[in-house]
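Enquirer: Given these sequences and hints, build the entire structure.
Chains A and B, in that order, give the protein sequences.
Letter 105 of the first sequence, counting from 1, is numbered 105 in full-length UniProt numbering, and no numbers are missing.
Letter 58 of the second sequence, counting from 1, is numbered 58 in full-length UniProt numbering, and no numbers are missing.
Bear in mind the hints are in silico, worked out from the structure with no lab data behind them.
Warning: the hint list may mix true and false statements.
Unchecked claim - To be clear about the criterion: a stretch of chain A counts as covered by chain B if any three or more of its residues have a C-beta under 8 Å from a C-beta of chain B, and this derived list gives those stretches:
(1) 90-103
(2) 112-120
(3) 414-427
(4) 444-456
(5) 596-605
(6) 675-683
All values derive from a computational prediction rather than experimental measurement.
All residues carry an ideal CB built from backbone N, CA and C; glycine is no exception.
Protein chains: 2
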Amino acid sequence: MKKALSILFLLLSFISSGFAQNQATWIWYPGDFEIWLGNNMQNRRTERTTFLPPFWKLDSHYNLIDFHKDFDLTQAEDVALFVEGKYNVKVDGKAFPGYPKRITVPAGKHKVSLKVFCQDRVPAIYVRGKNVVSDDTWLVTFEDKEWIDETGKASDQSGTTWLKAGSWNFNDPQLPPSKFRLNTKALSAVKTDKQKGSVFLDFGKETFGFIKLHGLSGKGNINIYYGESPEEARATATCETTDFLQIDQTQKRDSTMKLTKAFRYVNVQFDGSVVMDSVSMLYEFLPVADRGSFRCNDEQINRIYDVATYTLHLNTREFFIDGIKRDRWIWSGDAAQSYLMNYYLLFDSPSVTRTMLALRGKEPVTSHINTIMDYTLYWFISIYDYYQYTGDKAFIQQFYPRMQSLMDYCLDRRNKNGLLEGLAGDWVFIDWADGLSKKGEVSFEQLLFARSLETMALCANIVNDTPNATKYNQLAADVKTKLFSTYWSDSKHALVHSRVDGVTTDNVTRYANMFAIFFNYLDDAKKQAVKQYVLLNPNVPKITTPYMRFYELEALCALGEQSYVTKEMKDYWGGMLNLGATSFWEEYNPTKTGAEHYAMYGRPFGKSLCHAWGASPIYLLGKYYLGVKPTAPAYATYLIEPQLGGLQWIDGKVPTPDGDVSVYCSTKEIKVTGAAGTGTLRFKSKTKPVCKQGEVRPVSNGTYELTVEKGKSYVVSYKL
Amino acid sequence: MKKALSILFLLLSFISSGFAQNQATWIWYPGDFEIWLGNNMQNRRTERTTFLPPFWKLDSHYNLIDFHKDFDLTQAEDVALFVEGKYNVKVDGKAFPGYPKRITVPAGKHKVSLKVFCQDRVPAIYVRGKNVVSDDTWLVTFEDKEWIDETGKASDQSGTTWLKAGSWNFNDPQLPPSKFRLNTKALSAVKTDKQKGSVFLDFGKETFGFIKLHGLSGKGNINIYYGESPEEARATATCETTDFLQIDQTQKRDSTMKLTKAFRYVNVQFDGSVVMDSVSMLYEFLPVADRGSFRCNDEQINRIYDVATYTLHLNTREFFIDGIKRDRWIWSGDAAQSYLMNYYLLFDSPSVTRTMLALRGKEPVTSHINTIMDYTLYWFISIYDYYQYTGDKAFIQQFYPRMQSLMDYCLDRRNKNGLLEGLAGDWVFIDWADGLSKKGEVSFEQLLFARSLETMALCANIVNDTPNATKYNQLAADVKTKLFSTYWSDSKHALVHSRVDGVTTDNVTRYANMFAIFFNYLDDAKKQAVKQYVLLNPNVPKITTPYMRFYELEALCALGEQSYVTKEMKDYWGGMLNLGATSFWEEYNPTKTGAEHYAMYGRPFGKSLCHAWGASPIYLLGKYYLGVKPTAPAYATYLIEPQLGGLQWIDGKVPTPDGDVSVYCSTKEIKVTGAAGTGTLRFKSKTKPVCKQGEVRPVSNGTYELTVEKGKSYVVSYKL
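Expert: What follows is the structure, encoded as structure tokens:
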């Protein structure tokens, strides 16, 4: 028995040492792949056949990078090298000749370093030995300052800044970062109408990918018109996206379009002797699984949730993008909402950081992100959220300097009152809304500015930059004080919209007021005032974009108005479903009819019918119905406050960095399973609740709490 | 007669309108081609077969550029488009479909714009109509901020910064900037020693280019060892550059090496069944003609001048580089001297600005240029010189912001005394000299800093930035005051070398003292003191690099010590010639013997035997013997002060932006021809000089002056 055990032990050691080979992965200068990929994606936009690149500065990756790591090896090992770019490789500062594909690193303590130049792609390496493997523990710099004097003595490099390498999931040496492609899958149309010289296809729902023409032959033109609506696909002169081909081939061949398109309907027209067997598509997607879920007794709400998750998936690609048809650019304000939805559906942090880094770009800051003042501020606020949900300190440590320089840009653009006001070249966006004033000092911008400064203070503390933490906290407090002294109107019971040329306007809009609620900037009296005089006041201009509906409904949820929100959700998102939507739109105005719905930007089909900001029910249902939200970074502590919002039962999951929180709630029973750290279930009950798995504590006013431990399930009987 | 005249007039109009077609040229964002080309060139360095890239940050071109120009056409015209990158083209903001190669621009006032994305090369365009042609009057930006609101209304772009396009001489649409190559010309060896398995070639003098193996066939290895000396070419294990090939071919083929090398001697070794007919080279060069010249009665000086001009030509390539064998990097301190020599030989401003822009790179500044403190300061001083010689205000207007940000970097690195002191990551270079202290506050660096601040004040005035002109002038004055209060020693009659930890050292070196002379920072008493106690004092450590010999001899010339300099030139540069030099060296120490001369950086052949800084006689002979120098930008006014320096006669030309100044001077006669603006010939004579072509004015102490007008020649009889 003893012998058998030791053999088993040996066997296990062998296996374990086999597995001890660390996973090598492609690495690069952090943020650089993201910038490079962002450039590639954003420069794929076309309007019909015209190239339409972004109107802001695009940065480049650093083209010359030094990678190194110190190793202590018990025995010499062979190491394979894969490199994107022109490179050298050194052990302890001594270079190997040429461009070796394999080196031997001797036993003992050794520094392995590679230096790589690459202009068209991101300098990247994949190093695979047994212990000598490339991963995000390697250090990288874009200026090693390693000079030698006339005697051959090397410099001390004390002025060199090293960061940890960036990586993602490129674990195959044959698939370097530059070869990254999204996944594809063949799909067929659900309905095909073939006529002489044309095929009209309906793929059954909004989709995205490459159209494929099968068995194509003959001589002539093939014009493909794409539509999110049948009207658009038929409007050959004004549809937003097209493909025009000419062929002259006798042999039948399949032909796949080069650029992806967004569509439900495809109108293929051809002339001459062109014939084809059939038309299908390659659906293109980022393979990322749902972790969150939501179901309830109301089938319309369930359908809204499903269409929202599909909408989010379609817009979760190389990056979180705004809409799949037109822009395919990365917009910070749009992405800020995708991040929040992501925390309740995918919990895919790489998609968040990829997007944040592509948006931030490089030094120097020469304009607001996307040129939009509010979009810069959302970038900061998104970091606040990201840290709260994921607890990822490493991201903040690596990119704190980029946060600082972006904040310096904002601080440099304050006016004499210390407030932000659009200067030449600044786009003050707020929302797409007719007649919305962007002039002067807009209260909404100051509110986002205050929260951004609070984010900077938080991050300064994380990197132990105490003097700046104090500075940012003070600046945040100043802006908050000015926000209320400047804009709060007792007679309007609200923050007014703006101050222009020193005169505070009378105009009340929803924007600053609703954000002030969920930023928790209002005392209870002001909250109730805002609810009554702004949020529930039909005379305050209505919001027509799902973008701002997101925040409006969040504010109402934060005030406990879930029942009202349920109705609004059914009206607004349900309204789109009633019009046949299979994904949610950039803008929805119920007073419009027919193809009017598709117009925007002065173009008949300018509107995107699949816009990420339309997917907010994912967030609202997860955070304010299932009621799960972190109260400390990475869900070390969190709340579960289920709210039925007029529904009979709700059931779902919310992902955390360590497992999913499950919640079921009806008017009589709550069932929860904990994840991550320590949860607190909080609920109201008219009777004393009963729970066998834990102790329910009365708090006040018929409110009760139950501590929820990781991995444990609890069933509570109560009475709503 | 009248009729004939009007026909002639018509004919001339026709010809002139035919010629009125403007020259189109490739254009780009200013400075970007220079950065891109600099990256390419500097990343071609290898040490034997190992890739050896720079150790400082390399920047990238902007990858997304908007180009535009407004035209007013009397009739519509066809315009051909050539573009490097993915692009769109618009007339008055309306885009053409796809990627057109020809467009028609209608008659009337129209804005033509192109937007181009390119990551691996510099976005560039070549537009060729009759009037619609691309040239450096087009405006460019890397962020057009041209957004539209939800109604389709375009933004006002008031925050967009437009610069004038960059260009060089790419006038052929088929040869875009990315295809730029230097010229080549076939050359043969002057001596070939063919043995079994080897060929040893001597090309007669230092040269540069691609080795070509003719009629190569067989199977085996070919190892090529390059040498600036025969010793190096024979030292197969330690020569600095090599090429290793393997072939297996039965057909005879010519094979040209991929990378250029510097050499005089080439040692080709081969094994197996390898055979070849012969070995030759393709000499690679920038085609730029000599405009300056110098001849005198001393044949050794003439030979020095010729070898100096050859040395400068070899190092004047894509950029002014330091040396052709080893680095092939761009070094600001080395280039600063090449610029000065250039003004007396080539007067090729594009080579100056190309080099300055590649050195400066992009924002943000993260280290000194080449990491070297003095090299940053030389960059500023070079602008001072460039403006003085060329009067090119446009360059300063375009790049003043980059000058400001680099100066901000310096100002941010001042210590508590307001002086520059090496911080972590700063290389304080000064010179290659044994035991030279770089510690603490070095006087030499403060001196360069003061001159740099003066340059900034000059440039601030040129761009009408009056507040900063005042600021920079004040800062310059402060540093100058501190320079003398801190370092001037009455007992040493000199500026001492440094202050370390608050204690001024006793050490006197030549550096700050010699620069103080030709910067004109010393009063006459101090000048004479420095001459006696430093420059002509053998106890002050000698300078052994041609780099600092340049400035040492310039200081002596500025003090009128040309006769001494003539002797030094013959000793030092003549010393190299006596050792067989065919180009001038990185360092020359007459106390060394044999192959000792070739060692540096701890390597037996580490020294470069063709270093640009060795070519300074071009500058000294032009500026201080022919005595021609501008006293106002672009030679609007200038001096001609010929000095024989012990020679019997001198004869030569000095180029200006508008023609060459000719000077002949013997002990009895001076002959000059003016160029550019207004010259003043100044000379001493023991008798009253006679000139038929102009009026000689006595000035003082036997000094006379004559006004020299553009294009006019003057002969003066005088007595030295």
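Enquirer: Now look at each hint and say whether the structure bears it out.
Expert: Hints, one by one, checked against the model:
Counting residues of the stretch 90-103 of chain A whose CB lies closer than 8 Å to any CB of chain B gives 5, so the stated coverage by that chain holds, three being the minimum. For the stretch 112-120 of chain A, the stated coverage by chain B is satisfied: 4 residues place a CB nearer than 8 Å to a CB of that chain, which reaches the threshold of 3. Coverage of the stretch 414-427 of chain A by chain B holds. Counting CB-CB distances below 8 Å, 5 residues qualify, and the rule asks for three or more. Check on the stretch 444-456 of chain A: 0 of its residues sit with their Cβ under 8 Å from a Cβ of chain B, so the three-residue criterion for coverage is violated.
For the stretch 596-605 of chain A, the assignment as covered by chain B holds, since 4 residues bring a beta-carbon within under 8 Å of that chain's beta-carbons and 3 suffice. With a cut-off of 8 Å between beta carbons, the stretch 675-683 of chain A has 0 residues touching chain B; three or more are needed, and the interface restraint is violated.
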